[in-house]
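Asks: Below are the chains, spelled out letter by letter.
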Amino acid sequence: MNGSAIWLGPDAPERVIAHLGGQGFRVVGPRVEDGVLVLEELTAGDSLPTGWHDRAAPGSYRLERREGNGPRARERFGYRVGAQAWKRYLHPPELRLFTAERAAGGGLDLHPEKGPEAPLALIGVRPCDLTAIAVQDRVLMGGRHVDEAYAARRHGAFLVVVECTTPGATCFCASFGSGPGAEGGFDLALTELIDDERHGFVARAGSARGEALLEALGGRPASAPETDGRRRAVDEAAHAMGRRLDVDGARSALAEGAGLPLWNDVAERCLNCANCTLVCPTCFCVTIEDVTDLSGDVAERRRRWDSCFSLDFSYLHGGSVRRSGAARYRQWLTHKLSSWFEQFGEAGCVGCGRCIAWCPVGIDLTQEAAIAIEQRRQADAMPRGRGPAGRGARR
Amino acid sequence: MKRPADASGPVARAAQRRRPRLAVWKFSSCDGCQLTLLDCEDELLALADRLEVAYFLEASRAVVEGPYDLSLVEGSITTPDELERIQEVRRQSRTVIAIGACATAGGIQSLRNVLDVDELARTVYAEPSYLDVLATATPIAEHVKVDFELRGCPITKEQLLEAIGAFLHGRRPAFGTVSVCQECKRRGTVCVMVSGGVPCLGPVTQAGCGALCPAYGRGCYGCFGPAESPNVASLMRWWQDELGVEPAATVRALRTFNAAAPAFADAAAAADESGRPGGEGA
Ligand code: SF4
Ligand code: SF4
Ligand code: SF4
Ligand code: SF4
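Taken in order, these protein sequences are the chains called A and B. For the first sequence, this note's numbering assigns the number 2 to the initial residue and increments by one for each residue that follows. For the second sequence, this note's numbering assigns the number -6 to the initial residue and increments by one for each residue that follows.
Derived by calculation from the structure, the hints in this document are not laboratory data. Any given hint might turn out to be false.
Which stretches of chain B does chain A cover? Using the computed rule of at least three CB atoms under 8 Å from a CB of chain A, they are [as the list claims (entries may be wrong)]:
hint	region
1	78 to 87
2	177 to 189
3	214 to 227
These numbers come from a predicted model, not from an experiment. Note that CB positions come from ideal geometry on N, CA and C, so glycine has one too.
I would like the entire structure built from these sequences, with the hints used as guidance.
Replies: Here's what the structure looks like:
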């Protein structure tokens, strides 16, 4: 969209929520509940958190309130991403697919699940997560087999992005170019500017619906210092990432990484708990199960999130293929950073850092990837066929 | 329950057949798991419709002679008498499902396994000579073939009904052996360990409770025993090094309802001896 940027006051999120709620959207956004950040359904009159910021580190995430009267105490988006990702709403953790009942006179009556009633409006999507939604779009709707449940939620969803100006310690979106700014794929983009002189949002529309929303919200065209301020803040954020990843290096090292020594070292620490995959905004794997009631006359097919860290995930006749923790961690890291390219033409990681913070023992994929790159380099420096990590070595 | 009108349909035929006989047995335990069956209030009629409750002293004194199609076995083996009785239960039962932490891992009474039972008896009883107990409390599967195990202290109603439903219809029960963390994430609970530094056994504990404790801000106590591939040593190292948990406290956390489950018992023994969960060198 070519419409010019609009300046909105610090209550822009609430006005967006009220407006979209009034239009019949099911509005979802961040809330602080019991001291943790969650994504919840919101209704007109609900407000988003104010004055909170987060500190993430491997295996640790703390949400804190800013003390004092400084401008940051009024900041609306001082936190980055919490444990929950938007896939909770677009690709729900548990879903009944259909119910089957024995029909009178034999046969089965099938009752498919009804789709969602109202379109979603997601408020406060960070650029990394916006990219993650595009990644899941390709996986779940891009091929010949469209995931109906995802498509039903995704179509018509209204996306309100909030650009990042202060990246966290576990963030590395800049390595992928999936943040900290957003140039498209949204309906509305907000960038919060806060200092002693001003507090508000530079708002840009990314679709006709976004234009219409901006028009309805009023506001005045953003001034040159405001639009420049937005650009500068986002550019500076790109250079203030807490972490970085050599995307190309990881891709090629892991493509030939099956025999590298690091897997056994990670397996010493990895709990096989699956948290990394379940918090990851791009991981899409599910498992299907059928259950009956006691009478045996009613059956249900359900699907729920699964993970390549589950033993059953690689179950073929005779047992699970990836039994060791080493094999399972290798599958995760290799899929995210390497084989996803072969499969879907891009990376399976957007650099949101969730898997680093929410790993209960702080395993950091940027660090493990750097080790893989280094070990691959060392192995390649050795004469072919020698050493434990010679090409083609497999365990 | 809906029934097809056609009296020759497969369901009608099944209903005309003898209902499978259910027996519920108690060994060394607190009765809590058996009570879960009585707790299935809404489903009791459907259950009675499908199963003949032939032996269930907690519910009825009426006793129907064996053999039984399905035996639910609660409790661990702790006395010489129980050693014999479990063999008889197995002989009389087509399918045996062990229910609860006692029956699947020894239960809280297996704390004695790392202590001297005679000394304990002398401390507690005025006349220990009246006691006739084994040195250890052991799970049912150590003595007879068990067809399926339901974990938990106590088991959950949902898993019990699912297991019985699966038995009745000849299918595999639809629950896994993954970590409690997966249930936490599915229900949307924000991790109490990462966000609050609360020691939690969830990453090494089998799912089944629905991640109850983390939903109330508590760490997991490990009621459902070790998950499918638990790395207990790594989690205990993290507790000690990052959360500041004392070695003795890690041992206590592992020695509760599933104290004798090998993954928990081994890590506790290693920490007990060296102060480090993986043993000396860790
Ligand atoms: S792999 Fe980790 S950093 Fe990358 S998108 Fe997934 S959770 Fe975020
Ligand atoms: S990393 Fe594992 S859970 Fe995630 S998409 Fe790949 S296979 Fe699935
Ligand atoms: S890397 Fe961390 S979060 Fe992922 S399975 Fe291993 S211990 Fe769990
Ligand atoms: S609260 Fe416990 S069970 Fe839940 S995700 Fe965290 S470590 Fe796992």
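Asks: Take the region 177 to 189 of chain B, compare each residue's beta carbon with every beta carbon of chain A, and decide whether three or more fall closer than 8 Å.
Replies: holds (count 10)
Asks: When I compare C-beta atoms, does the region 78 to 87 of chain B have three or more residues closer than 8 Å to chain A?
Replies: Since 0 is below three, the answer is violated.
Asks: Tell me whether the statement that chain A covers the region 214 to 227 of chain B is true, taking a Cβ distance below 8 Å and needing three residues at minimum.
Replies: holds (count 6)
Violated hint: 1 only; the structure is consistent with all others.
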